[in-house]
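Undergrad: Read off the chains here:
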Amino acid sequence: MEYIIITIGFALTIFGLYGILSQKNMIKIIIGFSLFTTGINIVMVAIGFIRGGTAPILDEAGKEIGKYVDPLPQALVLTSIVIGLGVTALMLAYVMKLYQDKKSLNINDYKDLKW
Amino acid sequence: MGKKTMIALITLALAFVIYPLYQSYNGSETLKDVGQYYIDNGVEETGAQNLVTSVVVTYRGLDTLGEVTILFLAASVISFFLSFSKNDRIKSRSIRSVTEILTTSTQVLVPMIFMFGVYIFVNGHLTPGGGFQGGAVIASGIILMFLSNPRFKLSHKVIQFVESTSGIVFVLIGAAGALMMDGDFLSNKIPGFGFGEVGSIISAGAIPVIYTFLGLKVGAELSNVLGVFVESQSEK
Amino acid sequence: MVGPIYIIAIALGLAFFLGFFGKSLKDVSAFLMLAGLAFMTFISGQWLLAFFNGSVTTQEIFTAGFRPPYSINLRMGYEEAVMTTMINVIGFLGGVYMFKRLKEVGNSAMSVFIVLIMSLNVIVMTRDLFNLFVFVEIGSIATAGMIILEKNSKSLQAGLKYLMATGVISGLLLIGIIFAYYFAGSLNIDGIITAHVGVTKAGAVAVFLIIAVLVLELKPFPANGWGLDVYQSAKPGFGAIVSAATATAGLYVLYKVLPMGGETWYPYIVLIGLITFVGSNLVGTRQKDANRLLGYSSIGQIGLVMTVIGLQPILGSKFSFIAFALLLNHYLAKAGLFWLSGIIKKEKISDWYVLRKNKALLILFVIFIFALIGFPPFPSFFGKYELIMSLVSTENIWIAVLILLGSFAEGIYMFKWLGDVLKDEDQTEESLNISWNKFIPIVIVGVSLLAAGFYSTPYVEGAHYFYFIPLGFIVFMGLIDFLPAYVKNTLSIAGMTYYSYIIYPLVEGDLMRTIFFVIFMIGGILTLIVGYNKKGKREGFYPVALMMYAGLATILTSDSMFGFFFGWELMTAGSYFLIIRGKRSKPHAYSYMLFSVAGAYLILLGFAFAYTSAGTQDLIALKDIAVYTTLAYTLLAVGFMTKTASLGLHIWLPGAHGEAESDVSPMVSAILLKAGVFGLMLLFLYMGQQTGETLLFVLGWVGAFTALVGNLAAVFQEDAKRLLAYSSIGQLGYILFAIAMMTQLGWLAGFTYVINHFLFKAILFIVVGGIVVRTGTHNLYQMGGLLKKMPFSFVAVLIGIITLAGIPPLSGFAGKWLFYNAVVLKGWYIQGVIVFFAGSIAFMYAFKLIHSIFLGQLKDNHRNIKELSPAILIPAYILIGGIIYFSAYPQNVLEPIGNMLSAYFPATVDWSGDGLATTVLSYWNGNAVLIIIVTTFILVLAYLKLITGKTTKLEQFNIAYSAERPFRPETTHVSYNMFAGLNKAIGFLIAPGITRFWKNISDMVLDLAGFIRRLYSGNGQVYAVHIIIYIVIFYFISLG
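Residue numbers (our numbering), protein chains in the order written: chain A, 576 to 690; chain B, 7 to 242; chain C, 30 to 1069.
Hints may be right or wrong, so weigh each one.
[Claimed, not checked] In silico contact screen, one side only, chain A against chain C (beta carbon under 7 angstroms); selected entries:
| hint | residue |
| --- | --- |
| 1 | Ile622 |
| 2 | Val662 |
| 3 | Met671 |
| 4 | Tyr674 |
| 5 | Asp676 |
| 6 | Tyr685 |
| 7 | Lys689 |
[To be verified] 20 angstroms max Cα-Cα, derived SDA-like pairs, lysine to any residue:
| hint | chain 1 | residue 1 | chain 2 | residue 2 |
| --- | --- | --- | --- | --- |
| 8 | A | Lys689 | C | Gly1047 |
| 9 | A | Lys603 | C | Asn1048 |
| 10 | A | Lys689 | C | Ile1041 |
| 11 | C | Lys445 | C | Leu1035 |
| 12 | A | Lys638 | B | Asn129 |
| 13 | A | Lys689 | C | Lys317 |
| 14 | A | Lys599 | B | Ile16 |
| 15 | B | Lys9 | C | Gly1047 |
| 16 | A | Lys638 | B | Val204 |
| 17 | C | Lys386 | C | Ile509 |
[Said to hold, decoys possible] Distance windows between CB atoms, simulated:
| hint | chain 1 | residue 1 | chain 2 | residue 2 | range |
| --- | --- | --- | --- | --- | --- |
| 18 | B | Leu15 | C | Thr645 | 51 to 61 angstroms |
| 19 | C | Pro296 | B | Gln29 | 19 to 29 angstroms |
| 20 | B | Lys9 | C | Gln75 | 52 to 62 angstroms |
| 21 | C | Thr293 | B | Glu35 | 29 to 39 angstroms |
| 22 | C | Phe71 | A | Thr582 | 46 to 56 angstroms |
| 23 | B | Lys9 | C | Thr293 | 32 to 42 angstroms |
| 24 | B | Gly200 | A | Thr582 | 45 to 55 angstroms |
| 25 | C | Asp1032 | B | Lys9 | 25 to 35 angstroms |
| 26 | C | Ile1030 | A | Ile602 | 44 to 54 angstroms |
| 27 | C | His225 | B | Lys9 | 27 to 37 angstroms |
| 28 | B | Tyr25 | C | Val228 | 12 to 22 angstroms |
| 29 | C | Ile463 | A | Asp684 | 36 to 46 angstroms |
| 30 | C | Gln75 | B | Tyr25 | 47 to 57 angstroms |
None of these hints come from the bench; they were simulated from the model.
Just so it is clear, CB atoms sit at the ideal spot from N, CA and C, and this is done for glycine as well.
Please model the complete structure; the sequences and the hints are all you need to start from.
TA: Right, dumping it as structure tokens:
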């Protein structure tokens, strides 16, 4: 089970990265970023996984099983998701503003600064 | 060799670089020391039965403060655009008509969504969920309101008031720990907030209070971002 | 004491609080922002003070009431206190600077700014990896926001590129962090360090990802296009924050995380740092946009500090000082330059001449540039000196060489820029609009740079506070620059006289130093007297002239290599400013500076070898350098020869001396060149004949050819001052040749030439310079017939050229006599013939000079010309007095020198009591020669006067053109192309091959830079690809 999760996580990360590097449409690039960060988040969750463990909530149901997954990576994932959200929102805002300027979503059209 | 092939090769090279990490992963039977410590002592030390919450709000409270700050920053930076684009914004923007189903269901759903959001962050120390999740649910209600009424305008004053107040409360609670608890910033063991009985709503010291304000803050910030996005649209 | 945690509490509380104000009360919120930043500065500052006093020890700050690794902890130690104070100070000053703009955008901008500064504080203090990640992200997002304070499409693009780049690298950081947790079971940096996760392959990859990402945050060359765009497009006020504060935090994080990987990672950091430092500065040479140029320079300087961080295991106890000096220097200078850019508001560096409208800003600009290149008295000078010494003494010579190369590349564009600022035609009427909130931060960082240099002194072996005394006087002279020239002239002369009086005991008893003392100090005072001739204020002249003399005095009096180098660089800086004062001096001052900087670096390397060999900074270390002996002495010799303008390294001299102001030419020619000679003499004495045999032989040839080419080129000059300048090259060639013989006679000849050249070149440049000003032309063919108008000048020039040409009875002949004796005894016949030939050529230009100016026909426009002013003639005649004395009683000077030299060389000349010098070949008595020749001359003159009593005078226009009007009238002047025949015969010898050689080299460098910078295609996606490639390559180098 955990192998499937971490494989998916890494695969998403790499595919996301490929999207970031290869797509010309800036919206698609941002989607690439979403995939990329999601993949990493999945990897983080997988790292905290313990075979046979349950959610680290120590209520009656949890205590019955008595074995929990690591709460720390889950807390980190929460933070990481929010950070990803902030970055994505910001990127979208920039792209939107750029689009209003030049009416193009192609990243090749935004090379005013170079050398 | 095409450009895409080259990029694919480069990406594969990076995959090769991180492959040893993947290879070394073989699941875990037992917890790390840190994880085990939380399981063993977390409830006792923080009073919260949801250990993820106790890690998020207390043990790693500084991260959470940073997290809130990131949302706050994103909202602030996006609001620069508003102040920039005030002059060149085109007032008349074409608005699609909205179906009856959407408007009606919005009226029914939005209060429920809000209530659900509040439920999530108030119970953050007991059940899965917490301030961020609750805030996000609240913001989803706001999206619905935007969808059902494109002319809907958020009151920036209200949003900013909620945002600022909850932010300041968070910082103040943190600072209260530093002042009263011998320099422990963000401690949840500050006088006036008892631990109560583990598993009940009034427990876990300052955690529910922090999570409530976090929920409000996140909800306000996400809504703010949405609002600015909608407002600074200028379709010709 | 207020706990560091309140930095976070105050900043965030304030940021959230500002939201209450909405769009109103911007003044209040701006004030609150500044108060908050001030309070943050106060918190970190009080900790710094406490650590400085030793009253506290490193504090761990726990959060949430638990201990690490279960919760996040911060650390406040000495290092953290320093870094956070630096960040907060620049944050506060930056807040003051950007005050208006922030207010304009609104409260949210102020919140973002204060949060940014806070996040940098936490990045420095936190000991938790994931917390580090969170606050790095806060920093990135805040930065992306601040970029678009400059509201245009370019800054938006830069912001997006920046977000993309940091998005990719922070994702990889996260992978690294989570696996570090997986392997170490802790997120605490100290916990991971003790867990040694790097021992397994996968653990090493996790550590690699973390380190690689933190390196990438520092924008290493060439994966840094996104960073450059930020520098270029953001408000310069914010560029200052990125360059100074963000980089400080980033460098510190790298420093604190590196131990996670263990010793093996340090060399890679050195490599990356070096590539960044050299590469970024190289590409910078092609840059025309001021802010982007500052970006290249920033990235380069950060690379340098990164190198030093990687060198930590090698540098040992010196690490802290070197790293801090270089970091602080970059931090202050770059903040200052960016802030200046915000005032100038000019994109192109060639438009920066508007800076001249404000003297204070101009001086600050100069301070920043010189600090960046590493001139004294700035901290980078101390830091770089120690760095090179440590590197060479630990056998890391190539690193030292690359660092010097990078510094030189930085010099290429920085001095280009400086030249543009100082000399470009002012094309606009617009005035600079400077508000106080922008001005004061720049002044603060400028003054801090000077102070930081002063306080670097105790950390460097061989450095003394004593060196700062003349600098204090220079600052004083700068402050009273508004006074008229004659007042400042008097003060300068008084100051120099007093300083000479103070330092005389230091040279007393050392004859060689005493001679140079007379040349440098007395000569300096005499040339200053000429300055009474100048009217008006002469703004900026006195501080720089005194700086040169202070440098010369320091060279002379220092007992350590460090002191020598300090003086050497001070002299270079002063003379550069003197030279660039000339009207058309820009390109010449530029090439002078580049040759000087390169030469200084060679000297520095040579000193480092000496230090390695002897283990001491004392000058005695130069004796018998045991490691890389030949290389070390060659480096030193070539370094000194850049100042003596020996063949190959001379191309800067004619322009620099020829175009300089009339009283600057004698300063830089008669006096400054002797600094190089002093260096060479010192070097040769320490080196000794045996060790340097081959080198000396080569230098002898170089000297001979320098003499030939210099003199030959002088002959073909039409410009009076350039003629004298080329003549200097030739004369310095004689000196080099003479002392390279390494015999007592050779050195006596060398000293005689040194003294003579000082005397006659000062006379000639003073007088000819005065004449050039009077006649309004440099060209000899536009002068003539001035004999009757300027008889005193004529006599002065006559005596000057008699000495120059080595004609009896004046002391020039003494030089020649010693010289020929020396050549014959040494057996360097072929070279001797070349020098002899060069000497006969000297007659030609000497004749050309005096003939063209004083004889022939008076030009129409010179009919009302007057004799030169006493301010010019008095120093000239004092110098003539010197020549006469030296000619009449050479033994009074030469005999003690000979005795001194006999300590080093076998005695070959004998002084029998009454001034008769005898060698195995011949004998000579200066006194007798003078008396005989003067008597003969008077007799002949009287006879001629007697028999020519009835001559008719020729009228001015009593010539015919054969009814033809010449196509170019100047070609009819006797002086024009005077030695055409000679030119036809051997003119090829001075074909501008050497100039072309240097031109080709500089073209190659620029082409290379142009080629490399095509990497920066401007596409944000390409930059992301660069980052991935960088990581992959870094991986294969380090772990693959």
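Undergrad: Could you run down the list of hints and mark each one as holding or not?
TA: How the hints compare with the structure:
This hint holds: isoleucine 622 of chain A has a C-beta 5 angstroms from the nearest C-beta of chain C, less than the 7 angstroms allowed. Residue-level restraint check for valine 662 of chain A holds (minimum Cβ-Cβ distance to chain C is 6 angstroms; threshold 7 angstroms). Violation of the interface hint for methionine 671 of chain A is found here, the shortest Cβ-Cβ separation to chain C being roughly 10 angstroms, above the 7 angstroms cut-off. Interface hint status for tyrosine 674 of chain A: violated, as the beta-carbon distance to the closest one in chain C is roughly 10 angstroms, over 7 angstroms.
Restraint check, aspartate 676 of chain A versus chain C: the minimum CB separation of about 5 angstroms is within 7 angstroms; hint holds. Because the beta carbon of tyrosine 685 of chain A sits about 5 angstroms from the nearest beta carbon in chain C, less than 7 angstroms, this interface hint is met. Against a cut-off of 7 angstroms between C-beta atoms, the interface hint on lysine 689 of chain A holds, since the closest Cβ of chain C lies about 3 angstroms away. Taking the CA atoms of lysine 689 of chain A and glycine 1047 of chain C, the gap is about 4 angstroms. The hint holds against a cut of 20 angstroms.
Taken as a hint, the lysine 603 of chain A and asparagine 1048 of chain C pair is honoured in the structure, with Cα atoms around 16 angstroms apart against an allowance of 20 angstroms. Of the pairs offered as hints, the one joining lysine 689 of chain A and isoleucine 1041 of chain C holds, with about 12 angstroms between alpha carbons and a cut-off of 20 angstroms not exceeded. Straight-line distance between C-alpha atoms of lysine 445 of chain C and leucine 1035 of chain C comes to about 13 angstroms, which keeps the hinted pair within the 20 angstroms bound. Between lysine 638 of chain A and asparagine 129 of chain B the CA atoms are separated by roughly 19 angstroms; this keeps the pair inside 20 angstroms, and the hint holds.
A hinted pair counts as satisfied when its Cα atoms are at most 20 angstroms apart, and lysine 689 of chain A with lysine 317 of chain C qualifies at roughly 12 angstroms. Between the alpha carbons of lysine 599 of chain A and isoleucine 16 of chain B the distance comes to roughly 17 angstroms, so the proposed pair stays at or under 20 angstroms and holds. Of the pairs offered as hints, the one joining lysine 9 of chain B and glycine 1047 of chain C holds, with about 17 angstroms between alpha carbons and a cut-off of 20 angstroms not exceeded. For the given pair, lysine 638 of chain A sits about 14 angstroms from valine 204 of chain B by alpha-carbon distance, which is consistent with the 20 angstroms threshold.
Proposed proximity of lysine 386 of chain C and isoleucine 509 of chain C is supported: the alpha carbons are some 18 angstroms apart, at most 20 angstroms. Roughly 56 angstroms separates the CB atoms of leucine 15 of chain B and threonine 645 of chain C, a value that falls within the hinted 51 to 61 angstroms. Here the CB-CB span from proline 296 of chain C to glutamine 29 of chain B is close to 27 angstroms, well matched to the stated 19 to 29 angstroms. Distance hint check for lysine 9 of chain B and glutamine 75 of chain C: the Cβ-Cβ separation is about 56 angstroms, which falls inside the suggested range of 52 to 62 angstroms.
For threonine 293 of chain C paired with glutamate 35 of chain B, a C-beta distance near 32 angstroms keeps the hint of 29 to 39 angstroms intact. Take phenylalanine 71 of chain C and threonine 582 of chain A: their Cβ atoms lie about 52 angstroms apart, and the range 46 to 56 angstroms holds. Hint check: lysine 9 of chain B to threonine 293 of chain C, Cβ distance near 36 angstroms, so the stated range 32 to 42 angstroms holds. For glycine 200 of chain B paired with threonine 582 of chain A, a C-beta distance near 46 angstroms keeps the hint of 45 to 55 angstroms intact.
Between aspartate 1032 of chain C and lysine 9 of chain B the C-beta distance comes to about 33 angstroms, which sits within the given range of 25 to 35 angstroms. The supplied range of 44 to 54 angstroms is met by isoleucine 1030 of chain C and isoleucine 602 of chain A, whose beta-carbon atoms lie about 49 angstroms from each other. Between histidine 225 of chain C and lysine 9 of chain B the beta carbons are some 42 angstroms apart, a value that contradicts the proposed interval 27 to 37 angstroms. As the Cβ distance of tyrosine 25 of chain B to valine 228 of chain C is approximately 18 angstroms, the hint placing it in 12 to 22 angstroms holds.
For the pair isoleucine 463 of chain C and aspartate 684 of chain A, the supplied restraint of 36 to 46 angstroms holds, since their beta-carbon distance comes to about 38 angstroms. Between glutamine 75 of chain C and tyrosine 25 of chain B the beta carbon distance is about 50 angstroms. The supplied range of 47 to 57 angstroms therefore holds.
Checked against the numbered hints given earlier, the structure breaks hints 3, 4, 27 and satisfies all the rest.
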